[in-house]
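Enquirer: Sequence:
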Amino acid sequence: MKAILMIAVGNTDVLSLQVIAEPAISAATQIKVKLHAAGVNPVDTKVRRNGVFYAQPLPAVLGCDGAGVVTEIGSAVDKFSIGDKVWFCNGGLGREQGNYAEVTVLDQRWASLMPSNLSFTEAAALPLVLITAWGALFDRGGLQAGQTVLIHAGAGGVGHVAIQLAKLKGARVITTVSSDEKRAFVTSLGADEVVLYKPNGFADAVNQLTDGKGADLVFDTVGAAVFKESIAVTAHFGRLITLLDPGDINSTEARMRNLLIGYELMLTPMLRDLHEARDKHVEILNQCAAYIEQGLLSVHVSQIVPLEQAQLAHEAIEAGHTQGKIVLEIA
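Anchor point for the sequence shown: position 176 equals 947 in the working numbering, and the numbering is continuous, going up by one each time.
The hints are simulated quantities; they were obtained by calculation from the structure and are not laboratory data. Be aware that one or more of the hints could be misleading.
[Stated by the list, open to error] Cross-link-like lysine to aspartate or glutamate pairs, in silico, DMTMM-like; alpha carbons within 25 Å at most:
id	residue 1	residue 2
1	Lys969	Glu1024
2	Lys803	Glu1100
3	Lys856	Glu867
[Unchecked claim] Have a look at the derived ranges for each label pair, beta carbon to beta carbon:
id	residue 1	residue 2	range
4	Ala1003	Ser797	49 to 55 Å
5	Ile1020	Lys1051	51 to 57 Å
6	Glu1079	His1007	23 to 29 Å
7	His1007	Leu1038	30 to 36 Å
8	Glu1079	Ser959	40 to 46 Å
Ideal Cβ placement from N, Cα and C applies to all residues, glycine included.
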């Protein structure tokens, strides 16, 4: 089968299109999937630049997100049948094969039936960002109806689904973006107020929108500088959740505000083999599939790139300011 191999740590030129052996079912509960699309996420580029998470030799196949058709099932599989369309977040971190390939094998426990009204490219764009947004907003952030949430980078992969999930919860959503084009995009998703963070940051605008109280929950998807500025716009006794390392911070104001500060790394259950936590991830996909089929949740795929051009997808991610998601199409 064709696959994109990460043959070394480095720039995008370490991604190499090669023909490798097709994986085989090795356990009774596994399914084989003909992949039609693979989502591209920032973590893919970080693994490529910094190395895989496991002490295993390269090459490796990247890509956590996949969508395709079940073509073979193990003798104990009772969740899927041949021909089922599935989506999942599995592999791509250096141990299990990722989804930049024509075929993959995974345990049935980690897959879910695709929403019936999505294409493969749309479905492959979603698992990691849905699980991330859900965990940050609800599991770590405790967001409730009637509360105000500030979602940073609302036009991005995680941000654009986080806006929709927060609105489904009944929250008031403030989001930050970098351009008028993105303002229009996030408004179409349901954002109540939009702050252009250039050139003057966002703190003054958010505090004006909240009458100086700040947001009950702030969701940082950007990094250290945004995290630090976000302390001053998180309400007293509020929560500040980040996807990234905030670096060295002066915690005086956060302590004075009695903030709960949390981290969301949806990869932890895969990396630490926390199977019950991964079960929750599949439950999230099932619930989000219902929302999608009801027309309550959507995905924006900004670029569809052929598998053979995975380097271009990584370059686009690393250039920044991607709107929605980038997906590899697998013929």
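Enquirer: Hint by hint, which ones does this structure get wrong, listed from lowest number up?
Expert: 5, 6, 8
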